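S.K.: Sequence:
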Amino acid sequence: MSIFVDADTRVVVQGITGKEGQFHARQCVEYGTNVVAGVTPGKGGQKMDEVPVFNSVAAAAAETGANCSLIFVPPPFAADAVMEAADAGVNVIVTITEGIPVLDMMRVKHYLKSKPCRMIGPNCPGIITPGEAKVGIMPAPIHKAGGPIGVVSRSGTLTYEVVYQLTAQGIGQTTCIGIGGDPVNGTNFIDCLDAFEADPETKGVVMVGEIGGSAEEQAAQFIKEKMSKPVVSFIAGMTAPPGRRMGHAGAIISGGTGTAQGKVEALKAAGVHVCENLGRIGELCAKVF
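Per numbering that gives the first Met the number 0, the sequence shown runs over residues 0 to 288.
Derived from the structure by calculation, the hints contain no laboratory data.
Keep in mind that the hints are not guaranteed to be accurate.
When the alpha-carbon atoms are kept at most 27 Å apart in a straight line, the in silico DSSO-like pairs for lysine-lysine are as follows [claimed, not checked]:
#1 Lys143 to Lys112
#2 Lys143 to Lys108
#3 Lys225 to Lys267
#4 Lys46 to Lys18
#5 Lys108 to Lys202
#6 Lys286 to Lys143
#7 Lys143 to Lys46
#8 Lys267 to Lys286
#9 Lys286 to Lys228
#10 Lys18 to Lys112
#11 Lys108 to Lys225
#12 Lys202 to Lys225
#13 Lys228 to Lys202
#14 Lys114 to Lys143
#15 Lys286 to Lys202
#16 Lys286 to Lys112
#17 Lys223 to Lys267
#18 Lys42 to Lys143
#19 Lys112 to Lys202
Just the calculated beta-carbon pair ranges, DEER-fashion [unchecked claim]:
#20 Lys267 to Lys46: 47 to 57 Å
#21 Gln220 to Leu277: 23 to 33 Å
#22 Gly98 to Lys286: 36 to 46 Å
#23 Met105 to Lys202: 29 to 39 Å
#24 Pro140 to Lys46: 20 to 30 Å
#25 Glu19 to Asp86: 17 to 27 Å
#26 Thr156 to Pro182: 13 to 23 Å
#27 Asp86 to Ser227: 20 to 30 Å
#28 Tyr110 to Asp193: 45 to 55 Å
#29 Glu264 to Ala167: 26 to 36 Å
#30 Gly270 to Ala57: 20 to 30 Å
#31 Gly64 to Val101: 49 to 59 Å
#32 Glu224 to Glu62: 38 to 48 Å
#33 Pro182 to Glu19: 17 to 27 Å
What you are looking at is a predicted structure, and each value in this text was computed from that prediction instead of being measured.
The beta-carbon is built from N, C-alpha and C at its ideal position, and this holds for glycine as well.
Throw the hints in and build the complete structure from the sequences for me.
M.R.: This is the structure we're talking about:
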């Protein structure tokens, strides 16, 4: 099994005629993802390769049965694109766009509370169920289908590193999710951990956090109270100087909270196997899983 996306997922790409949209839509199609439609206002009726382009998500969903959106819309328009997908009845909305204003995301988050859909991202690499569907920008060949490990991460590139090491150890993945590093996002660690816990084919989880915010501490509490499966974790930013803003908008330590050490201590207290050397996380996973 998998979480959130599988071989039956039908993807509409918002912004499919742009440079990024075209490139990554083709990569998804090449991987075998069922990309059924694209959306670019004003370009309805055209095609991107063999993928039909529509003027709106509603039209695309009605015509093709699309149930998952992959968004490459530029930051000033991305919030409206997310809400358009939600209004069209799309179940899963994967927002790759980086640089969406925080106030826009707060508006989106409030809006989605009344909608039966899940947003992943923004500022994320997306989600992949190896061998079934890739909805994002991650390098597909490093993944290994068949499970049994789930991966969830705030960092795109560190997701790739963890997946590469798992595959090198012969450990496959059920689903790998990048939830993004922005301070306001859709799906969070606990959403993913809860889904992995309920997935019978996921036997363990790798969780990659980073400095800033309290998402890792909240996840640690959830793991302690609700999870029966082993969790391995790495926290990025162990050597970051306090107060220094890092690459991710959410990765800033303020007021003495959100430190790597605090997150590590919370995770260890919850029984999580914390790896302090990213270069050896694959070896640790081979021992734990």
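S.K.: So, for every hint listed, does it hold in this structure?
M.R.: Okay, the hints, checked on the actual structure:
A distance of roughly 34 Å separates the Cα atoms of Lys143 and Lys112; the hinted pair therefore is violated under the 27 Å criterion. In summary, the hint linking Lys143 to Lys108 is not supported, as the alpha carbons are separated by about 33 Å, beyond the 27 Å threshold. The straight-line distance between the Cα atoms of Lys225 and Lys267 is roughly 15 Å, inside the 27 Å bound, and the hint therefore holds. Proximity of Lys46 to Lys18 is assessed by CA-CA distance (about 15 Å); at most 27 Å being required, the pair is judged to hold.
For the given pair, Lys108 sits about 31 Å from Lys202 by alpha-carbon distance, which is inconsistent with the 27 Å threshold. In summary, the hint linking Lys286 to Lys143 is supported, as the alpha carbons are separated by about 18 Å, within the 27 Å threshold. Note on Lys143 and Lys46: the hinted pairing is violated, with a Cα-Cα distance of about 32 Å set against a maximum of 27 Å. Simply put, Lys267 and Lys286 have alpha-carbon atoms about 17 Å apart, close enough for the 27 Å limit, and the pair holds.
The straight-line distance between the Cα atoms of Lys286 and Lys228 is roughly 14 Å, inside the 27 Å bound, and the hint therefore holds. Our distance criterion of 27 Å between C-alpha atoms is broken by Lys18 and Lys112, whose separation comes to about 32 Å. Taking the CA atoms of Lys108 and Lys225, the gap is about 25 Å. The hint holds against a cut of 27 Å. With a C-alpha separation of about 15 Å, the suggested pair Lys202 and Lys225 falls inside the 27 Å cut-off, and the hint holds.
In summary, the hint linking Lys228 to Lys202 is supported, as the alpha carbons are separated by about 6 Å, within the 27 Å threshold. Proximity of Lys114 to Lys143 is assessed by CA-CA distance (about 33 Å); at most 27 Å being required, the pair is judged violated. Between the alpha carbons of Lys286 and Lys202 the distance comes to roughly 13 Å, so the proposed pair stays at or under 27 Å and holds. Between the alpha carbons of Lys286 and Lys112 the distance comes to roughly 40 Å, so the proposed pair goes past 27 Å and is violated.
The suggested pairing of Lys223 with Lys267 holds, with an alpha-carbon distance near 10 Å, which does not exceed 27 Å. Taking the CA atoms of Lys42 and Lys143, the gap is about 37 Å. The hint is violated against a cut of 27 Å. For the suggested pair Lys112 and Lys202, the alpha carbons sit about 31 Å apart, so the restraint of at most 27 Å is broken. Checked against the hint of 47 to 57 Å, the C-beta distance between Lys267 and Lys46 comes to roughly 53 Å, which is consistent with it.
Between Gln220 and Leu277 the C-beta distance comes to about 24 Å, which sits within the given range of 23 to 33 Å. A beta carbon spacing of about 39 Å between Gly98 and Lys286 agrees with the range 36 to 46 Å that was offered as a hint. Under the hint 29 to 39 Å, the C-beta atoms of Met105 and Lys202, about 37 Å apart, fit the expected range. The hinted window of 20 to 30 Å between Pro140 and Lys46 holds, with their beta carbons roughly 27 Å apart.
A hinted range of 17 to 27 Å for the beta carbons of Glu19 and Asp86 is consistent with their spacing of about 24 Å. The hint said 13 to 23 Å for the Cβ distance between Thr156 and Pro182, and at roughly 19 Å that hint holds. Between Asp86 and Ser227 the beta carbons are some 38 Å apart, a value that contradicts the proposed interval 20 to 30 Å. Judged by the Cβ atoms, the range 45 to 55 Å given for Tyr110 and Asp193 is violated: they are separated by roughly 23 Å.
Taking 26 to 36 Å as the suggested C-beta distance range, the pair Glu264 and Ala167 conforms, at roughly 29 Å. Separated by about 46 Å at the C-beta atoms, Gly270 and Ala57 break the suggested range of 20 to 30 Å. A beta carbon spacing of about 34 Å between Gly64 and Val101 contradicts the range 49 to 59 Å that was offered as a hint. One distance hint, 38 to 48 Å for the beta-carbon pair Glu224 and Glu62, holds here, with the actual separation near 45 Å.
Checked against the hint of 17 to 27 Å, the C-beta distance between Pro182 and Glu19 comes to roughly 23 Å, which is consistent with it.
Of the numbered hints given earlier, the model fails hints 1, 2, 5, 7, 10, 14, 16, 18, 19, 27, 28, 30, 31; all others are met.
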